[in-house]
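For the sequence shown, position 53 matches number 52 in numbering that gives the first Met the number 0, and the numbering has no gaps at all.
If you're looking for bench data, these hints aren't it; they were derived computationally from the structure.
Do not rely on the hints blindly, as some may be mistaken.
[Stated by the list, open to error] PhoX-like, lysine-lysine: derived pairs with alpha carbons at most 25 Å apart:
1. Lys24 <-> Lys94
2. Lys11 <-> Lys94
3. Lys11 <-> Lys61
4. Lys94 <-> Lys61
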Amino acid sequence: MGVIDVIAHDAKTGEVVLVMNDPDKWDDPDERLIALQERFNAYVSFLLDGEMASDHPELAGKPARIEVRCAHMPDARALELLSMIHDQLAFQEIKLEVVVRDHADKL
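When you get a sec, could you build the whole thing from the sequences and use the hints?
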C-alpha cells in the first residue's frame with residue numbers, strides 16, 4: 000500500500016485529516032492521473048479497511064477528510080478526476096479538499 004503523507008486531527012472540525020502532498024506540475028496527464036487515483040485508493044483503503052483505527056485508535060470513529068495540497072493548479076483533466084473522486088468519497092462520508100499553494104482557493 001502507498002504511504003500517507005500526513006495524518007492529523009483537526010481540532011476545529013473534529014475531523015481526521017489525511018494530507019496528500021502533490022508538489023509536481025501537472026505535465027504528464029495520463030501518468031499523473033493514474034498515480035493520483037492509486038494514491039486515493041490507498042488513502043481510502045487506509046480509512047475504510049481498519050488500518051487507521053488500528054494504527055491510531057485515538058482517531059477511530061471520527062469523520063474524515065482527505066486534503067490534497069498542490070504546489071500548482073491542477074489541469075482540467077485532473078480537476079475532472081478530483082471532482083469524480085469528491086463525489087465518490089461523499090458516498091463514504093469522506094470529505095475532499097484541494098488546496099493549491101500558489102492560489103488561496105480551496106476547490
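Here's how the hints hold up against the structure:
1. Lys24 <-> Lys94: Holds, because 24 Å separates the two Cα atoms, which is no more than 25 Å.
2. Lys11 <-> Lys94: It holds: about 15 Å lies between the C-alpha atoms, which stays within 25 Å.
3. Lys11 <-> Lys61: With Cα atoms ~13 Å apart, lysine 11 and lysine 61 stay inside 25 Å; holds.
4. Lys94 <-> Lys61: Status holds; Cα separation ~12 Å.
Checked against the numbered hints given earlier, the structure satisfies every one of them.
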